[in-house]
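Required output: the full structure, derived from the provided sequences and hints.
The residues making up each chain are set out below.
Number of protein chains: 2
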Amino acid sequence: MIVIGERINTSRKAINEAMERRDKKFFQDEAAKQEAAGASYIDVNCGSRLKSEYDDFLWLLEVVQEVISIPISLDSPSAQVLEAGLKNVDKRPLINSVTLEKERFEEIGPIVEGDKADIVALCMDNDGIPNNTPRIVENAVLLVEKLEKLGLKREGIFLDPLIQPLSVDTENANMALASISTIMTRLSGVHTTCGLSNVSYGLPERFLVNRTFMVLAMANGLDSAIIDPLDRKMMTNIITAETLLGKDEYCGEFIGAMREGKLEP
Amino acid sequence: MIVIGERINTSRKAINEAMERRDKKFFQDEAAKQEAAGASYIDVNCGSRLKSEYDDFLWLLEVVQEVISIPISLDSPSAQVLEAGLKNVDKRPLINSVTLEKERFEEIGPIVEGDKADIVALCMDNDGIPNNTPRIVENAVLLVEKLEKLGLKREGIFLDPLIQPLSVDTENANMALASISTIMTRLSGVHTTCGLSNVSYGLPERFLVNRTFMVLAMANGLDSAIIDPLDRKMMTNIITAETLLGKDEYCGEFIGAMREGKLEP
Numbered sequence: 000m001i002v003i004g005e006r007i008n009t010s011r012k013a014i015n016e017a018m019e020r021r022d023k024k025f026f027q028d029e030a031a032k033q034e035a036a037g038a039s040y041i042d043v044n045c046g047s048r049l050k051s052e053y054d055d056f057l058w059l060l061e062v063v064q065e066v067i068s069i070p071i072s073l074d075s076p077s078a079q080v081l082e083a084g085l086k087n088v089d090k091r092p093l094i095n096s097v098t099l100e101k102e103r104f105e106e107i108g109p110i111v112e113g114d115k116a117d118i119v120a121l122c123m124d125n126d127g128i129p130n131n132t133p134r135i136v137e138n139a140v141l142l143v144e145k146l147e148k149l150g151l152k153r154e155g156i157f158l159d160p161l162i163q164p165l166s167v168d169t170e171n172a173n174m175a176l177a178s179i180s181t182i183m184t185r186l187s188g189v190h191t192t193c194g195l196s197n198v199s200y201g202l203p204e205r206f207l208v209n210r211t212f213m214v215l216a217m218a219n220g221l222d223s224a225i226i227d228p229l230d231r232k233m234m235t236n237i238i239t240a241e242t243l244l245g246k247d248e249y250c251g252e253f254i255g256a257m258r259e260g261k262l263e264p
Numbered sequence: 000m001i002v003i004g005e006r007i008n009t010s011r012k013a014i015n016e017a018m019e020r021r022d023k024k025f026f027q028d029e030a031a032k033q034e035a036a037g038a039s040y041i042d043v044n045c046g047s048r049l050k051s052e053y054d055d056f057l058w059l060l061e062v063v064q065e066v067i068s069i070p071i072s073l074d075s076p077s078a079q080v081l082e083a084g085l086k087n088v089d090k091r092p093l094i095n096s097v098t099l100e101k102e103r104f105e106e107i108g109p110i111v112e113g114d115k116a117d118i119v120a121l122c123m124d125n126d127g128i129p130n131n132t133p134r135i136v137e138n139a140v141l142l143v144e145k146l147e148k149l150g151l152k153r154e155g156i157f158l159d160p161l162i163q164p165l166s167v168d169t170e171n172a173n174m175a176l177a178s179i180s181t182i183m184t185r186l187s188g189v190h191t192t193c194g195l196s197n198v199s200y201g202l203p204e205r206f207l208v209n210r211t212f213m214v215l216a217m218a219n220g221l222d223s224a225i226i227d228p229l230d231r232k233m234m235t236n237i238i239t240a241e242t243l244l245g246k247d248e249y250c251g252e253f254i255g256a257m258r259e260g261k262l263e264p
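Protein chains in written order, with numbering that gives the first Met the number 0: chain D, 0 to 264; chain P, 0 to 264.
Where hints are given, some of them may not hold.
Chain copies aren't distinguished; within one or between two, either way the pair holds.
As a list, the in silico DSS-like pairs of lysine-lysine whose alpha-carbon atoms are at most 27 Å apart [as the list claims (entries may be wrong)]:
| hint | residue 1 | residue 2 |
| --- | --- | --- |
| 1 | K232 | K261 |
| 2 | K232 | K246 |
| 3 | K12 | K50 |
| 4 | K90 | K115 |
| 5 | K145 | K261 |
| 6 | K232 | K12 |
| 7 | K12 | K148 |
These aren't lab readings, by the way, just hints derived from the structure by calculation.
Quick look at the structure:
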């Protein structure tokens, strides 16, 4: 499982406050803890800071990269911010994100052209988020075609089916699960990824719903997720499901996680 | 999810001791608690009591049925015991179990002929438990053919793919998951069921492994399981996964379980 650590996002109150005071130690702790907990990328997002995003973002990149050995997920609504970020990372990053929307694709495409970064591609188009599996998959196919034309390899494309809340329609999780399964079968080589928390919007016990959805999604082939790696029960579910799905030789990761006290059943 | 409550089994020490002293109240509590926790069947198994099984079994059936409103899962290695059990139940029971083994099928077949009971059918044959998905599915197809010839309907057949320990081969869970998925697709109408604990044999944190396997299996279509309904975390996973899989209109079961304090995240 490729875990994209989501904690450094200024839409969260504590993160925004630390940003206000440019608290270097706070962000370095946040980044290091996520890596130690098993993150593969550290997502950096200060898109909520409309007036200062550009400067804040570059400051965060410098601070965070001092303490981690994993790459950054450059996360911004602004193409300019992403382009500047790409010039200020020391490892091949993930760009978060492109869509099929005409304007967004035309902005982001040139930034990654020539296979300059891995990329999260959201399966939405000019009409928004599709409300059925065939159209989500169709968008995934189009995104891969267009990104391959720009020189990207499938191994660097992370397709996000954009899960909708179960409280709005009880078929929404099934729609995402079928999309993941179909994408992984039809577009051999790509990754699928997902922000999970939307699925539980409007329900009680949201963490439980998110964690259980993760296991269902992994059963359907999901191999990446944008989550909080410090959510120990979530990471426990991921480690256990990977072992059950045959991705853990001799169950070594599972037994190691147990010995290190990482499992929280 | 059709939950077969597994607690009344004399291979468990406390159960055997209660059997020794014919502790009626103990067994009635065990049965009532399982029903209250969401069981659809109460399994009764005293196969470990070789010398007295027949009498013990009939006593247990009488005692248990006094307090429950759900049917019994008649569970015995002995065809005579199952046949006697079938004559002493007040609701259509589940017979646990038949296999493709020649002798076993010839013993059990006549007992259910004419659609006298639902039945658990283990996907094993004269050569034992198959070690690959195609042969497990082939056994499932043969079992359904033979049981349909005896007048049983698919809706009364519970196919068990017989999961093997992950610690023996890390592909064992995948083999069971693929078998469940294929059986549910190819043999439309049947149920799949599973005893879960075997999957975690030889691993630490067995309950965690079993509970996580349950969610993976439900993602592949499993609609019944032989479990301990008093394992609150297991039941929480089942309730949450059913809701995510679109089997809970308006998420009502999930929200109700939360309000009744049944969820243990």
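Now for the hints, and whether the structure bears them out:
Taking the shortest Cα distances, K232 and K261 sit within 27 Å of each other both inside one copy (9 Å) and across copies (19 Å). Taking the shortest Cα distances, K232 and K246 sit within 27 Å of each other both inside one copy (19 Å) and across copies (25 Å). In this assembly of identical chains, the alpha carbons of K12 and K50 lie at most 27 Å apart only when taken from the same copy (17 Å versus 69 Å across copies). Proximity of K90 to K115 under the C-alpha cut-off of 27 Å is restricted to the intra-copy arrangement: shortest distance 11 Å within a copy versus 67 Å between copies.
With identical chains, the CA atoms of K145 and K261 are never at most 27 Å apart, being 41 Å at best within one copy and 48 Å at best between copies. Taking identical chains as interchangeable, the C-alpha atoms of K232 and K12 lie at most 27 Å apart only when both belong to the same chain, with a minimum of 23 Å there against 32 Å between chains. Proximity of K12 to K148 under the C-alpha cut-off of 27 Å is found in neither arrangement, the shortest distances being 40 Å within a copy and 66 Å between copies.
The structure fails to meet hints 5, 7 from the earlier list, while all remaining hints are met.
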